[in-house]
Amino acid sequence: MLRGRVLQSLGLYKVATRDGFAGAPLGVVAHGEVTVTVPTTRPYLGDLRAAAAPRVDIVAAYAGSDAVALDACVAAGARGWCWRHWVRAMPQRRWSTECAATAATASWSRCRPGLPGAGSAGLRPGHDLVEAGAVMVPGLAPSQVRVLLMAALAAKLPVGDVIDRLL
Numbered sequence: 001m002l003r004g005r006v007l008q009s010l011g012l013y014k015v016a017t018r019d020g021f022a023g024a025p026l027g028v029v030a031h032g033e034v035t036v037t038v039p040t041t042r043p044y045l046g047d048l049r050a051a052a053a054p055r056v057d058i059v060a061a062y063a064g065s066d067a068v069a070l071d072a073c074v075a076a077g078a079r080g081w082c083w084r085h086w087v088r089a090m091p092q093r094r095w096s097t098e099c100a101a102t103a104a105t106a107s108w109s110r111c112r113p114g115l116p117g118a119g120s121a122g123l124r125p126g127h128d129l130v131e132a133g134a135v136m137v138p139g140l141a142p143s144q145v146r147v148l149l150m151a152a153l154a155a156k157l158p159v160g161d162v163i164d165r166l167l
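Following the UniProt record's numbering, the numbering of the sequence shown begins with 1 at its first residue and continues without gaps.
Do not rely on the hints blindly, as some may be mistaken.
Said to hold, decoys possible - Simulated DEER-style distance windows between Cβ atoms:
1. Gly20 / Arg55: 25 to 35 Å
2. Glu131 / Lys156: 16 to 26 Å
3. Gly32 / Glu131: 47 to 57 Å
4. Pro43 / Tyr13: 15 to 25 Å
5. Arg165 / Leu12: 17 to 27 Å
6. Ala52 / Gly160: 34 to 44 Å
7. Ala76 / Arg42: 29 to 39 Å
8. Ala69 / Thr37: 37 to 47 Å
9. Val36 / Ala16: 25 to 35 Å
Keep in mind that the hints were calculated from the coordinates and are not lab data. These figures come from a predicted structure and were not determined experimentally. Where is the CB? At the ideal position from N, CA and C, for every residue including glycine.
Could you build the full structure based on these sequences and the hints that come with them?
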C-alpha cells in the first residue's frame, strides 16, 4: 500500500517523485479497507522451494566489459543469468551468445523496445542474445527477472513460457 494505492509487486519500481513507487495499480485503500479493483492471476508453477532452486546470477555489462564475471558465475555453478546491459554494451559477443545458447538467460536493458529512436538509430538491445535463445524482459527489475528464472529452472519449464504467463 502506497499513499492509498495498492500496486502489483511484479514490475514495481522506485521513482524519484512524491509517490515513491510506480507500477500497475491493483487496488485502493480507503477508510482502512483494501478494495482490489483489477482481477489478479497467480500462475502456479509447482510446489517449489527457493532453497532448492538452481543458482541464477545478475550480470552487469557495459561498454568495454569482458567476460570475467560470466566466468565466475559459471565456476560458482550458475545455471542461468540475467543480463543487465545498456544498449550495445555486451561483453564479448561470442561469449555472451554461447552462454545464452547453453544456459537459461534473460536480458534486461534500460533501452526498452518501442522507445522513440531506438530502432531508427540501429540499436537493438540484446539482439544477439535473443538470436541465441535469451528472453528479453524489459518491464521488470533484474532482481525480479532473476527470481522468475530461478522458478522456471526449478519447475523445469521453458523460461519464455514462465515469462509469458506473468506478463
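Hint check:
no.	hint	verdict
1	Gly20 / Arg55: 25 to 35 Å	holds, 32 Å
2	Glu131 / Lys156: 16 to 26 Å	holds, 24 Å
3	Gly32 / Glu131: 47 to 57 Å	holds, 52 Å
4	Pro43 / Tyr13: 15 to 25 Å	holds, 21 Å
5	Arg165 / Leu12: 17 to 27 Å	holds, 18 Å
6	Ala52 / Gly160: 34 to 44 Å	violated, 22 Å
7	Ala76 / Arg42: 29 to 39 Å	holds, 32 Å
8	Ala69 / Thr37: 37 to 47 Å	holds, 42 Å
9	Val36 / Ala16: 25 to 35 Å	holds, 28 Å
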